[in-house]
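Model the full assembly from the supplied sequences, consistent with the hints where possible.
Chains as they are written, first to last, in the numbering used here: chain G, -16 to 323; chain S, -16 to 323.
Treat the hints with caution; some may be incorrect.
Covered by chain S, per the in silico footprint, the following chain G stretches (three or more residues, Cβ under 8 angstroms) [what the hints assert, rightly or not]:
(1) 56 to 66
(2) 208 to 219
Here are a few chain G residues that face chain S, going by a calculated C-beta distance under 10 angstroms [said to hold, decoys possible]:
(3) K121
(4) G156
(5) I182
(6) F185
(7) A190
(8) L223
(9) L224
(10) G231
(11) H248
(12) I251
(13) A266
(14) P270
Rather than coming from a laboratory, the hints here were simulated on the basis of the structure. Computed from a predicted structure; not experimentally measured. In this text, a Cβ means the ideal position worked out from N, Cα and C, and glycines have one as well.
Residue-level listing of the chains:
2 protein chains.
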Amino acid sequence: MRKMIILTEGMTTVQHAKTAINLICYKPEEVLALFDRTKTGEPVSPLLGIETNIPIIGSLNDFPEANTFLLGVATAGGGYPDEWRPIILEAISKGMTVVSGLHKYLSDDPEFVEAARKHKAKLVDIRKNDFKKVAIRKGIKETTLRIQTVGNDCSNGKMITSYEIALELKRRGKDAKFVATGQTGILLEGDGIPIDAVIADFVNGAAEEMVLRNQHHEILIIEGQASIIHPRYSSVTLGLLHGAMPQGLIMCYEMGREFTKNLDHVKIPPMKRIIELYEAMTAPLFPCKVIGFGINGRKFSQAEVDYERERIKEEFALPACDVIKHGPAELADAILGFKY
Amino acid sequence: MRKMIILTEGMTTVQHAKTAINLICYKPEEVLALFDRTKTGEPVSPLLGIETNIPIIGSLNDFPEANTFLLGVATAGGGYPDEWRPIILEAISKGMTVVSGLHKYLSDDPEFVEAARKHKAKLVDIRKNDFKKVAIRKGIKETTLRIQTVGNDCSNGKMITSYEIALELKRRGKDAKFVATGQTGILLEGDGIPIDAVIADFVNGAAEEMVLRNQHHEILIIEGQASIIHPRYSSVTLGLLHGAMPQGLIMCYEMGREFTKNLDHVKIPPMKRIIELYEAMTAPLFPCKVIGFGINGRKFSQAEVDYERERIKEEFALPACDVIKHGPAELADAILGFKY
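Structure (structure tokens):
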């Protein structure tokens, strides 16, 4: 079993440590500690907004039983600061498996590669891929239900909503599969293609490939990425959508977010317009409708999220829930009741 | 100066030899011959539908003065057959610069790399890039006019239409720049970013970068890619559109094409719908309109293309021309008259 120390150095925040947060929540038995010398000894819960007793350490010697060192942050551009190099080299020197989901690959670094060879350590770059197949739009089974989460921005709960819905469907005895398309999802599920790291010509093909690989399951819950109107990442979003060609969409959004994450000068369009765009952009290839909402109410009280849930249900006449605050039952019901 | 032999082995056809055709048309002084052992000695004109006296050869010895060997075909998936290896190795052994625009890189092949080292030959992979910048949506000059060609399918004349319009604007004394985004355009213009070979997360960023690099010009004519609804390549199309954020679009299409190229089971949506999708998908980020049509009438007579031109002009009340059969004047007029 993985026994992980997760590097969140200088970034033990809700905004940067998405991967760490999800592993602590869904794979607590695998996470020993966070590594952040700027926060050593501080409690994690107030920093990351989750309940956990996992400590923050500043030395790998605190957990000699650890076998995996994970770079657990997401950075715009996907690089990491030079100050991390000695920490990574120390983990390698202990023979740990070093895992990264960043765009800057460990295995492209000659010093890391040489150190890993010397200490028999493994370097795992989750995003590294040489996927080169174009979509063929053939062989897709009409009998498999494909549901995809989509969003009005990046980083707003698509992965968690997808994962929780799949868990709920499995609890109900359904043959559901969470189809991971990002590094955190892949770390949780153990398979998937990191769609945002695929070469542009093959993004649609990679999404289609994930459907073809998994369509022996009854229901696929496909992790969406970013937003169809995202100034940075819309290329990823549309390729994933056109490749996976879901029959139903779950629209995810974060309460209170008005501007694009990290692009404070770009306003997010109204929800109604976003839904129209998703449906219009899939219509020529496959009938596809938004069938429910995944609300991310992490910055609001239970009462405020309850109110928002009723508001959006009424406005769009569709089921809605915050999978953390309400559980995913209503979205699972919507999927099981969905006839396409 | 480049003195090129262009490899079109087994693919000396209009469908596959787009790169060769464009180099023969626009850089005839640089092209010595095509290399295709299956067509040696045959005239090129009936095979490629262009007027030229360039010969088809089956041996590199026919032109000892050649200094460049170009893989001049486009293949779905971007690979090449194993039978090409000995030809490529022979070109390397002659010290020629070997240029490829395919996704399968010459410089990733240990045998080619070793041979190139030994014979002091250069390997140039036009698509190879390590572009890793996300879009920032800042610093874009409102005073530079950005016009992009778009399409209802891939390979339907976007590059030629863009290139001809830029030539025409320059003939009229304007400071226009053709912004190349594909391998053929880059070969013609000498710069550009091969947008379909960029990692998905950075496609929008690469498109934006091309604008930032070139906005000291008065007018940018940006080469579009594929189609916003293309089952294979829509990821490339949308990222390019959202990154370059043109104010005006020239819609390109091929007369008579009803189904997606290489995907005979996917019908191309009606033109009106395609235009709505492009305009809807840009509206939240930037006002953007289709301001004219680039008709590709290569399979039809002058009279038929003239008729189509009048038909589409009437239906959409917009200027239209086949830049080869009519010249690009009317589209250049539309761009110069365009107030955004």
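If any of the earlier hints don't hold here, list their numbers in rising order. As far as the earlier hints go, 4, 10 and 14 are violated by this structure, in ascending order.
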